[in-house]
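Engineer: Sequence:
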Amino acid sequence: MMGFKFTIAHILLVAALIHLLEASFTEVPPPPKRPERFNSREELKKYLQKVHEYHMIVGRWRLRRDHEEPDYASSSNSDLFKFFDINNDHLISSKEFSQRMRFKPFN
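Counted the way mature numbering (1 follows the signal peptide of the UniProt record, and there is no 0) counts, the sequence shown spans residues -23 to -1, 1 to 84.
The hints are simulated quantities; they were obtained by calculation from the structure and are not laboratory data.
Ideal placement from N, C-alpha and C gives every residue a C-beta, glycine not left out.
Everything hinted at is true.
Dumping the calculated SDA-like pairs for lysine to any residue here, alpha-carbon to alpha-carbon at most 20 angstroms:
| # | residue 1 | residue 2 |
| --- | --- | --- |
| 1 | K22 | P8 |
| 2 | K23 | R11 |
| 3 | K27 | P12 |
| 4 | K10 | L21 |
| 5 | K10 | K27 |
Pairwise CB distance ranges, derived in the manner of DEER restraints:
| # | residue 1 | residue 2 | range |
| --- | --- | --- | --- |
| 6 | P7 | R79 | 51 to 61 angstroms |
| 7 | L(-3) | E30 | 24 to 34 angstroms |
| 8 | S55 | P7 | 29 to 39 angstroms |
| 9 | S71 | H(-5) | 46 to 56 angstroms |
| 10 | V(-10) | I34 | 27 to 37 angstroms |
| 11 | M78 | L25 | 51 to 61 angstroms |
| 12 | I(-16) | F58 | 44 to 54 angstroms |
| 13 | A(-15) | R77 | 54 to 64 angstroms |
| 14 | I(-6) | V35 | 15 to 25 angstroms |
Please work from the sequences and hints to get the whole structure.
Structural biologist: In structure tokens form, the structure reads like this:
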């Protein structure tokens, strides 16, 4: 029984170490900060050089779309609500719901 617990402890320890090592090597450093305004040609050249070096280190271009809303979250809920709201009063009555679902109306 003691050997079994010892083996599980080792497996869990190895799994935790693998996870830790994997997490430390998969983090991507942030790209260089872009100044609000380029005051000279030399400043622009230095910035572009830093961006180029960053992408050479990272290995490939990455698109950052964190600020964008997923497609499924933007329109489907409002479209569904508009589908059920037949008279456009911003309320879905049981009669409207029944009409769209082709049920007999509720009393």
